[in-house]
Structures are given as C-alpha cells and as structure tokens.
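Engineer: So you can see what is in the structure, the chains are spelled out below.
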Amino acid sequence: MGMTMSQKILAAHAGLDSVVAGQLIEADLDLVLGNDITSPVAIHEMDKMKVDGVFNKDKIALVPDHFVPNKDIKSAEHCKCVREFARKNEITNYFEVGKMGIEHALLPENGLTIAGDVIIGADSHTCTYGAVGAFSTGVGSTDMAAGMATGKAWFKVPSAIKFVLKNKPAKWVSGKDIILHIIGMIGVDGALYKSMEFTGDGIQYLTMDDRFTIANMAIEAGGKNGIFPVDDLCLEYIKEHSDRTPKVFEADEDAEYDEVIEIDLSALKPTVAFPHLPENTKTVDEIGEEIKIDQVVIGSCTNGRMDDLRIAAKLLEGKTVADGIRLIVIPGTQKIYLQAMEEGLIRTFIEAGGVVSTPTCGPCLGGYMGVLAEKERCVSTTNRNFIGRMGHITSEIYLASPAVAAASAIKGYIASPEVIG
Amino acid sequence: MKEAKGTVIKYGDNVDTDVIIPARYLNSSDPKELATHCMEDLDNEFLNKIKPGDIMVAGKNFGCGSSREHAPISIKACGISCVIAETFARIFYRNSINIGLPIVECPEAAKAIANGDEVEVNFDTGIITDITTGATFKGQPFPEFMQRIIDSEGLVNYINNKN
Chain G
533 MGMTMSQKIL
543 AAHAGLDSVV
553 AGQLIEADLD
563 LVLGNDITSP
573 VAIHEMDKMK
583 VDGVFNKDKI
593 ALVPDHFVPN
603 KDIKSAEHCK
613 CVREFARKNE
623 ITNYFEVGKM
633 GIEHALLPEN
643 GLTIAGDVII
653 GADSHTCTYG
663 AVGAFSTGVG
673 STDMAAGMAT
683 GKAWFKVPSA
693 IKFVLKNKPA
703 KWVSGKDIIL
713 HIIGMIGVDG
723 ALYKSMEFTG
733 DGIQYLTMDD
743 RFTIANMAIE
753 AGGKNGIFPV
763 DDLCLEYIKE
773 HSDRTPKVFE
783 ADEDAEYDEV
793 IEIDLSALKP
803 TVAFPHLPEN
813 TKTVDEIGEE
823 IKIDQVVIGS
833 CTNGRMDDLR
843 IAAKLLEGKT
853 VADGIRLIVI
863 PGTQKIYLQA
873 MEEGLIRTFI
883 EAGGVVSTPT
893 CGPCLGGYMG
903 VLAEKERCVS
913 TTNRNFIGRM
923 GHITSEIYLA
933 SPAVAAASAI
943 KGYIASPEVI
953 G
Chain X
515 MKEAKGTVIK
525 YGDNVDTDVI
535 IPARYLNSSD
545 PKELATHCME
555 DLDNEFLNKI
565 KPGDIMVAGK
575 NFGCGSSREH
585 APISIKACGI
595 SCVIAETFAR
605 IFYRNSINIG
615 LPIVECPEAA
625 KAIANGDEVE
635 VNFDTGIITD
645 ITTGATFKGQ
655 PFPEFMQRII
665 DSEGLVNYIN
675 NKN
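For the record, the sequence lines run as chains G and X.
First residue of the first sequence? That's 533 in our numbering, and the numbers climb one at a time after it.
First residue of the second sequence? That's 515 in our numbering, and the numbers climb one at a time after it.
Just chain G, same shape as in the assembly (with noise of 0.2 Å):
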C-alpha cells in the first residue's frame, strides 16, 4: 500500500521501509524548538531525566517570543531560565531580543526548517514549517525534554485527508482565506490526528507566505500536521535561506487517504471567522452589516510575514484608520521589519495612524501589547478567537486576512478590501 508524504517522512527518520496509519514509532529528529512559555517547563522536566546535556546543541531551536520584551518580572524569570539554560548547554540557535522574532517566522527564515525534516514544537503553531515540506508538529513540554535529551520522538502514524487546491485565488484572497475557508467546512475538529495534505495546480499561485499560513493554521482544524508538495519556489525558499539539502518526498501514487476534498480556489471570497471559534466563517459579502471594532492586530506567526505587510500597507497607503480604532502591526521578525522599513511599509503604517511593535506573539494570546477590554472587538489577522483568548472573556475576535484587518481598520467596522478605493 502506498504512503502519503507526511508518512513517508516519518518512515525515513523511523529507519523504517514503510508505516501504516495508526503505527507507532520511534523517529530521529531533526530540530526540536521551544519558546518562553513552555521551555521553562521543558528544562525543569529535563533536569529530572538521567540524561548528561542535549542531543545536539545544533538541533535545538529555543526562541522567546510570547512575552518577549519580558512583560513583567515572572516572564522575565522564565526568559533568564531559558537564556541560562541555552548558554550553559551551548545551544547554537538561541535568538536573544534583538534576533528573536515570532519562532515561526523566524526559523525558517535562519533556514532552520527544509524539506525532508521531522520537527516537533513546544508550540501548537509548530505545524508552519509544512509548508517546506517537513513533517512538522506541535508538542508539550514533556515531549521537547524529551526531544532535547534523546533527539527521538514517538508517533502514532498519522492518516491524512488530501486538499486538492485547484485554480487562481482572486485578487484580494490569500492563504488566510484559504485556510480559514477549510475550517469552516470541515470544522476545528475536522482533521483531528490526522495530515492535512495540499496537493493541485492551485498551489501554483500560492506564494510561500501563503502556504505558511495555511499550514500553520492546520492546527486549528484538529490536524496533526500540514504539508505541502515541494516545488520549484519551495526550493529557491529553501536554496535562499539554508545551506542544508532538502531531501524531497512525495506522496506514493496509490497512497490512501480518509477523504479528498477538492477546492476551487477561484470561486473562494475574503473570510472572517466569527467568536468563538476559527470554524464560524463567513465571506465578508455574507455579513451583511456593519460589526463596529476596537482594535485591529495585523502580524502573529499566521501573518507577519512580507507579504501580509504588503498587502495590508497597499490599502493603508495615503488612508487613515477610522476614528477610534487602533491598529497594532507586528512584523514577524527583525528581517521582516527591516524590509518593511526599506520598503516604506512602516511609514505608511504610521502615518495611517497605526503602531508599529517589535516581534512578539503578545496581543494573539492576551499576553500584552493589545489586550482587549469587556465586550471590546478586534479584527485579527492571529489563530484562535477562543473566548477570552486576547482579553476579557466578554471580548471578541474576528479572525481574518491582512487586507481584511487593513481595509476594517479604515472603515471602522469590519470591511471587505473591494470596498477601499
């Protein structure tokens, strides 16, 4: 029987010739990351484990980002114990502020994440780097000790459902609509253990930014991991910001999938997911009034990246943000900020009446740097509306894209890109 891609991937690092859905293995690793939050949790474990250091001090990526600049004196304490902890075990990629950014921008940027690669993360939003092609998934801090002590990791082999991607997207709809609209179909459990696989000519007009941004909400639908087809961009991706060699691995011709669910990409609108959850989607045409907002986030490791500044400064260009509104832009990292700076995309940010910050997660989890107050809304262009995720439990999220959260910001209320001349 053949093997999707995600399992050949996991075959390969298990020394195994094939695996079967359900199988349970033992796979080498080849980078296993953390942040602030849960490395602290992570080192404390590993200090229990009869275990002399890390496996690899290379292949270990711990990246403090959640509430970095350190938001008070508690996460400063767990910042001081991760930066203890990787200088005492010489870890190679640990990013400091200053070269930290949002770690899932980041890493595959330090070329850290090629195609081919078997990554687990203390983060849930570690599923990013499948659009890489590297089977990529989301852990607890137990499983990164583990990692970081042994370089192996166990797996139940996961089943996978295909997305076959067919067509050009519109203008104004990127891989936030995407995803967003595979949510809504399948709903936040739809995946659930299982690959998402993206396959079809649609991938094509995907840039890179988009297809992070699809993987990386795989998550959200349940999926243990997301992945994409390696293809010539993906290797001029990777070729740009890696010396390592990606290994490619394809899905066998008569690979065995639960579903195959095909999606005409050109038939897709720009999506907004409604509270409380990233699967109650809607097209901006089907709203059908005026939601009035607070706040707008533009950034977070869904959409911090250049493209998502560039899409979102286009239609902030010469225009100012409604009366009332605050918009807060988090580039994903200092690379991306520097580029937005050359590219004038900051100043236009700036002169709408926006707030440009350094990279951080903060304002997607409620960290700081936007939280939101009783029964406030906020056009986000993050991951989870989950009750309370960003602030008051009365508060609410409206998930959507860049040009959505720009072309809201301007109107005040929440606004489709068509509207904005």
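Think of the hints as simulated: they come from the structure by calculation, not from any bench.
There's no promise every hint is true.
[As the list claims (entries may be wrong)] Distance condition first, Cα-Cα at most 30 Å in a straight line; then the derived DSSO-like pairs of lysine-lysine: (1) X:K519 / X:K652; (2) G:K688 / X:K625; (3) X:K546 / G:K606; (4) X:K652 / X:K524; (5) G:K606 / G:K589; (6) G:K580 / X:K546; (7) G:K582 / G:K684; (8) G:K907 / X:K563; (9) G:K846 / G:K631; (10) G:K801 / G:K700; (11) G:K846 / G:K814; (12) G:K589 / G:K684; (13) G:K589 / X:K676; (14) X:K590 / G:K603; (15) X:K563 / G:K688; (16) G:K688 / X:K524; (17) G:K580 / X:K625; (18) G:K698 / G:K801; (19) X:K546 / G:K612; (20) G:K907 / X:K524; (21) X:K590 / G:K688; (22) G:K846 / G:K801; (23) G:K631 / G:K771; (24) X:K590 / X:K625; (25) G:K688 / X:K652; (26) G:K606 / X:K590; (27) G:K612 / X:K590; (28) G:K580 / X:K516; (29) G:K582 / G:K612; (30) G:K580 / X:K676; (31) G:K582 / X:K546; (32) G:K620 / X:K676; (33) G:K631 / G:K620; (34) G:K620 / X:K546.
[Said to hold, decoys possible] What follows is a list of derived Cβ distance ranges for each label pair: (35) X:P657 / G:L765: 38 to 44 Å; (36) G:E821 / X:P621: 35 to 41 Å; (37) G:R842 / X:D638: 54 to 60 Å; (38) G:Y737 / X:P657: 38 to 44 Å; (39) X:D557 / G:K631: 39 to 45 Å; (40) G:I819 / X:G567: 43 to 49 Å.
Where a beta carbon is used, it is the ideal one built from N, C-alpha and C, also for glycine.
Could you slot chain X onto chain G? The hints should help.
Structural biologist: Frame of chain G; chain X shown alone:
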C-alpha cells in the same frame, strides 16, 4: 493509580486550553499556582464546585488549541482524578499521558454521563461505571506503548527507567 472515583463535573465540546488556563497566567509554571486559575474563563465557580478525586467529563475535541502543558498540569493539580471525553485534541492527549493525568476517550460515556453523577473508572479494564444510573461503558484501551508510559507515571520516568 488503578482507578478513579468521584463526582462528575461536565462541560461541552471544544473546551480549549485558553479557557482551561488563560495565557495571562502563563507567566507561572508552578502547578499549585496554575491550579488556582483552572477553567476560570469557562466557569469561574469551577474550583468551588469540585473536590479532590472528582471526574471531568466533556464532549468533542477537549483541550484543543495551544500546546501549553500548563493545561493538563492545572487540571491534575486541582485534584481532578480523570478526564473522560468524546474525543481529545491530540497535543492535549499526548501531554496528559506524558504528565500522568488519566484520560479516557469514550464517546458513549461522555454523552450519557450527567453532571453530578457518581462515576468510577477502572484503568486496567477501561470500564467506566456510572454508579448513579448503573450504566457501564468501555473506554478506548491505550496501545501497549502508551500504557507503559502511563505505568511509569509519565514520560520522564519512562525514559529514566529505559536508560
């Protein structure tokens, strides 16, 4: 622990880790401190309603969202002896096994058991008994490999024992 017995506190579908332990408390990783905020954003009376040994029952996709291990840690630290759900989100499932929080996937039990019922779970047999109604259910048994981690009371001990 071979069995759990307690009063049921029941919740619905898609209970996410943000409501189990809101991120504003993640500047701590102390189980005792985390326990004081467990379930706060979903049910701020949770801690007043439960006593040590009680059993949490929920619908589909329990523990979805963030990978924060602080979520099962806080549930365990506030004294919940077992979580029964129709399905679990996969990272939460792994984390629970890894830290030694007993969990049982059993759609029939999760649907039938009512809030306030007295329930007993036998981890050796996977049998769930609703003492209040007399109904019994068979939970999904763990694969042998996971059972070994559970028997070691978590992944750290399992690795230590293996070495």
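Engineer: Failing hints, ascending?
Structural biologist: 15 and 17
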